[in-house]
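**Student:** Each chain is listed here by its residues.
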Amino acid sequence: NAGVTQTPKFRVLKTGQSMTLLCAQDMNHEYMYWYRQDPGMGLRLIHYSVGEGTTAKGEVPDGYNVSRLKKQNFLLGLESAAPSQTSVYFCASRAIRTGEDTQYFGPGTRLTVL
Amino acid sequence: RKEVEQDPGPFNVPEGATVAFNCTYSNSASQSFFWYRQDCRKEPKLLMSVYSSGNEDGRFTAQLNRASQYISLLIRDSKLSDSATYLCVVIPSNDYKLSFGAGTTVTVRA
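Which chain is which? The protein sequence lines are L and P, in order.
Residue numbering for the first sequence follows my numbering, beginning at 234 and increasing consecutively.
Residue numbering for the second sequence follows my numbering, beginning at 20 and increasing consecutively.
Nothing false has been slipped in among the hints.
Here chain P is said to cover these stretches of chain L; the calculated rule only asks that three of the stretch's residues, wherever they fall, bring their Cβ under 8 Å from a Cβ of chain P:
{"no.": "1", "region": "264-275"}
{"no.": "2", "region": "278-290"}
{"no.": "3", "region": "329-338"}
Covered stretches of chain P (in silico footprint by chain L; criterion: 3 or more residues with CB under 8 Å from a CB of chain L, positions within the stretch not fixed):
{"no.": "4", "region": "64-71"}
{"no.": "5", "region": "118-126"}
No lab work stands behind these hints, which were simulated from the structure alone.
We put the CB at the ideal spot given by N, CA and C, even for glycine.
Here chain L stands alone, though its shape is the one from the complex (with noise of 0.2 Å):
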């Protein structure tokens, strides 16, 4: 198993672009969670998905987007970038089973804004 994989790794933007970072997960979890990570101030949860089809919003969903049209895929879109959205973004998908309560993160996506 791949476990969760994000594409891509790093990028660099110019204010006003747009891009779509993808996140896929190959353990059949129905929850998936796109999280920012910045200096001194922890994951902060963006948007999340409870199942294919389904998002919501998170403690900071201004300028991002999210869809989950596929239950192994977890797709977060920025439409116009700013220099706020510089920051680590982290995907994860959870495993909910007796007994176990489990996170799983993908390697991250090193987010630069211009």
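With the hints as your guide, set chain P onto chain L.
**Tutor:** Okay, now just chain P, sitting in the frame of chain L:
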């Protein structure tokens, strides 16, 4: 007030020492608690769940104090490889969302 608060540290300890730190949470209805470990510029990984009765995993011991609303992590016989940032994670009852602390940095020196 933040939902989950941690002392950022850093805790600088020599190899073989014991180090312990806490994490406080504000939602008294929280039901699930975890410690994750994050190495520099890498993704977080689950270190251990925290059970009501406390639990051990090798050199790591986690405790939950519901009355005072904090969890703790103790590392015995510290190794150089324990150097990392430790993230506290709290999940309210019946909630899909997890709340992360900003992390406590531990540096173990030779």
